[in-house]
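S.K.: Start from the sequences, fold in the hints, and give me the full structure.
There are 2 protein chains.
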Amino acid sequence: MHSHSHERARPFENRFEIVIMVPNKSREKLDLGPLPSLLGYALRRAQLAVFADFNAACEKLQLRPAQFSALLLIEANLGCKQSDAAEALGIMQPNFVALMDELERRDLARRAPGKTDRRAYALELTDAGGTLLERARTVVSEHDARITRGLSASETALLLQLLARVEQNATPQVAP
Amino acid sequence: MHSHSHERARPFENRFEIVIMVPNKSREKLDLGPLPSLLGYALRRAQLAVFADFNAACEKLQLRPAQFSALLLIEANLGCKQSDAAEALGIMQPNFVALMDELERRDLARRAPGKTDRRAYALELTDAGGTLLERARTVVSEHDARITRGLSASETALLLQLLARVEQNATPQVAP
DNA sequence: TATTGTTATACTCTATAACTATA
DNA sequence: TATAGTTATAGAGTATAACAATA
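Those sequence lines, one after another, are chains L and P. Going by this note's numbering, the first residue of the first sequence is number 1, and it counts up by one from there. Going by this note's numbering, the first residue of the second sequence is number 1001, and it counts up by one from there.
Hints may contain errors.
[Stated by the list, open to error] Below, a sample of chain P positions facing chain L; criterion: calculated Cβ distance under 8 Å:
hint: 1; residue: G1033
hint: 2; residue: Q1047
hint: 3; residue: L1078
hint: 4; residue: C1080
hint: 5; residue: E1104
It should be emphasised that the hints constitute simulated quantities derived from the structure, not laboratory data. The structure presented is a predicted model; accordingly, all values stated were derived computationally and were not measured. The beta carbon of each residue, even a glycine, is placed where N, CA and C say it ideally should be.
M.R.: What follows is the structure, given as structure tokens:
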């Protein structure tokens, strides 16, 4: 408090003052009403923010969430069919075609001919795909640590468990 | 058990047996690897399932999540500006225009002229909008109860709190 | 007859640039 | 010069129908 007025009294010293003018948006903060207590709303907000962080982190690698998860899935299930991979990721088959086209175009994954069924492909990672996935793993781990910072290990585990239960609750069950 | 074989012995009674043939997809269950432990992945899965349940529940009312939240927000902030409403909901202004167009076309909300600023609108609910919102509140409450069933009140509260913290972690902070 | 992968297509959500009319 | 609202547009993500090749 005293130092400030003292410094102001020596105007010709070699100092800089950087002022960032944030344009005053003058936005009224609105009352969100019951929205924050609606789970679907909170889920949506969190998911959008988390994907934005993921995309920013993986911009260098040019990997979107679906592409990253596809590479992970192929690595964990070498030789699997396209339809099984799409099903596991919750992606419709026609949409997964375009995803695989792109991964193949970038030489990250490969559609090898099926061993027994000539209709089906056996999905594989290329060497470049394995290398990129290794780099992505690091970046995504950092991303995951960033979005869960301040949460204890047990809180994070509980969050994952609660999300799984909510997903289960919201998923229509088919008769066995 | 006995009754069944007994009934089979009387083939000409006026009974029906309805058999639903579920096509055996013969899908291999793939190994999801580290995906289930990634928060972003769990968030996305849960959010998709929850929105699907919301949309199924609100199909009768023809209300999508963004429309419902907009009606709620307008009701809680009668006379608010369009830009403030969009900002509060995390919707880009140009996209909120189309949303309001649709609500106005269905006579659920209204763009009244601004009191002091002739550039701005004052958003209001119509009577029909208030009535529909009241019905939607019931449907969405049931939806919310459905997706959180099996969770205790404290678990649900904790889930909301953890989601808010994750959203905050993932949101880039601007310097004040 | 059913499954695998594919094409074509459509609809929603999201994002950006550029315009107008007011301030 | 900046803000409120708008238009136009583009890009993802998601969904379905219909087809060819194979089982």
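S.K.: Decide, hint by hint, whether the structure agrees.
M.R.: Status of the hints after comparison with the structure:
1. G1033: At about 4 Å, which falls below the 8 Å cut-off, the nearest Cβ of chain L leaves the hint on P:G1033 intact, so it holds.
2. Q1047: Result: holds, 4 Å to nearest chain L Cβ.
3. L1078: 10 Å, violated
4. C1080: 6 Å, holds
5. E1104: Cβ of P:E1104 sits 19 Å from chain L, so the hint is violated.
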